[in-house]
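Participant: Each chain, letter by letter, is given below.
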Amino acid sequence: MDDFEREKYSRQILLFGEEGQEKLKNAKVFIAGVGGLGSPVSTYLAISGIGKIIIADFDCVEASNLNRQFLHHEKDIGREKVESAKEKLLAMNPGVEIEVIREKLTEENADSTVPGCDLIIDALDNFEARHILNRLAVKRKIPLIHGAISGYTGQATTIIPGKTPCLYCIFPGVSRKETFPAVGTTPGIIGSIQANEAIKYITGQGKLLEGRLLMWDGLFCSLTEIKLAKRNNCPVCGGQMGEIPESDSR
Amino acid sequence: MAEVKIKLFANLREAAGTPELQLSGEKVLDVLSSLTEKFPKLKALIFEEAEAEGKSETPALCGYINVLINGNNVRHLEGLDTLLSDADEIAVLPPVSGG
Chain A
1 MDDFEREKYS
11 RQILLFGEEG
21 QEKLKNAKVF
31 IAGVGGLGSP
41 VSTYLAISGI
51 GKIIIADFDC
61 VEASNLNRQF
71 LHHEKDIGRE
81 KVESAKEKLL
91 AMNPGVEIEV
101 IREKLTEENA
111 DSTVPGCDLI
121 IDALDNFEAR
131 HILNRLAVKR
141 KIPLIHGAIS
151 GYTGQATTII
161 PGKTPCLYCI
171 FPGVSRKETF
181 PAVGTTPGII
191 GSIQANEAIK
201 YITGQGKLLE
211 GRLLMWDGLF
221 CSLTEIKLAK
231 RNNCPVCGGQ
241 MGEIPESDSR
Chain B
1001 MAEVKIKLFA
1011 NLREAAGTPE
1021 LQLSGEKVLD
1031 VLSSLTEKFP
1041 KLKALIFEEA
1051 EAEGKSETPA
1061 LCGYINVLIN
1071 GNNVRHLEGL
1081 DTLLSDADEI
1091 AVLPPVSGG
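Residue numbers (our numbering), protein chains in the order written: chain A, 1 to 250; chain B, 1001 to 1099.
Chain A on its own, in the form it takes in the complex:
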């Protein structure tokens, strides 16, 4: 770490020391989606000094994104979200490496598309893609930090394969096909919680949202926690056995 980095990260070095800062610098984080959740997640992780951030999104910026996806500006309409996001993240912190993936994640390409990483962050907008990401995280035994929002409501949980319930244990269903409502503050809050979980995981501080689903209700300004249980014989994570069935883990 050079003197400028020591100065730049001095306020968080007070929290976890240069040792913690080195852990962030050596970390590789994969963020699926750079929309409403992906904007705060990638911003906070980039300015915290994560060494390498891989962002994946196959969408282009639309006018209807701008109320919440603050990495994208009016001038970016029509541009690939990953390019728009990379530009802003590097402007904020040229010291991080940003890799972009433009492909849509599918069951077939997930394994070859997602590079090796220490942590996966779910900043997606539908459960079909989330289940693909969940299966990949369980297969590779990489922690997955889940977040989702709708309107004034948001939720988050941290999935540690082999230890906590996986996403399929909690939400086996798929998404309703809808244009979901959203105020920008909801993904702002949930994305910040996800980035906070990532920083804690990497630096080894605090208590993660393991086996707990955090529900944010912005209309009432309340946070509620629901304790989660593993599904018995979960076809994705093996449930209470803690073993991942070879044939079903894909």
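Keep in mind that the hints were calculated from the coordinates and are not lab data. You may find that some hints are simply not true.
To be verified - In silico lysine-lysine, DSS-like type, Cα no more than 25 Å apart, as pairs:
1) A/K86 <-> A/K200
2) A/K177 <-> B/K1041
3) A/K227 <-> B/K1007
4) A/K8 <-> A/K25
5) A/K86 <-> A/K23
6) B/K1043 <-> A/K177
7) A/K163 <-> A/K207
8) B/K1005 <-> A/K227
9) A/K200 <-> A/K163
10) A/K141 <-> A/K104
11) A/K200 <-> A/K28
12) A/K207 <-> A/K227
13) A/K227 <-> B/K1027
14) B/K1005 <-> B/K1027
15) A/K104 <-> A/K52
For chain A, the structure is supplied; the task is to place chain B on it using the hints.
Facilitator: Leaving out everything else, chain B in the frame of chain A:
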């Protein structure tokens, strides 16, 4: 009959005007039926429309609603027929899938 605690979130909480309440019933269906009788606005949010296209009269959980009993999704248990015990905590979650 089991005495259980129901927790409601987001638009379900808004429609009921309360974040949680105590109800009693033998199965999940009994408790959710009492809930929707008490707060009729919740019915269309929690149950599928029964009369649609000659479907059976048996009530079905709306596809995008998740009901957790002590953190276990009822879709992995016996669904609406899941038996309840005293002090169970039932969370009724609306679809939250955007990002």
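Participant: Each hint needs a verdict: does it hold in this structure or not?
Facilitator: Going down the list of hints, with the structure as the test:
1. A/K86 <-> A/K200: holds (24 Å)
2. A/K177 <-> B/K1041: Holds, because 22 Å separates the two Cα atoms, which is no more than 25 Å.
3. A/K227 <-> B/K1007: Distance of about 12 Å is within 25 Å: holds.
4. A/K8 <-> A/K25: Cα-Cα ~13 Å, so holds.
5. A/K86 <-> A/K23: holds (22 Å)
6. B/K1043 <-> A/K177: holds (21 Å)
7. A/K163 <-> A/K207: holds (14 Å)
8. B/K1005 <-> A/K227: holds (14 Å)
9. A/K200 <-> A/K163: Answer holds: A/K200 to A/K163 is near 17 Å, not above 25 Å.
10. A/K141 <-> A/K104: holds (22 Å)
11. A/K200 <-> A/K28: holds (14 Å)
12. A/K207 <-> A/K227: Since the Cα atoms of A/K207 and A/K227 sit roughly 14 Å apart, the hinted pair holds (cutoff 25 Å).
13. A/K227 <-> B/K1027: Holds, at about 21 Å.
14. B/K1005 <-> B/K1027: Holds, at roughly 13 Å.
15. A/K104 <-> A/K52: Holds. A/K104 to A/K52 sits at ~21 Å (cutoff 25 Å).
Violation of the numbered hints given earlier is absent; every hint is satisfied by the structure.
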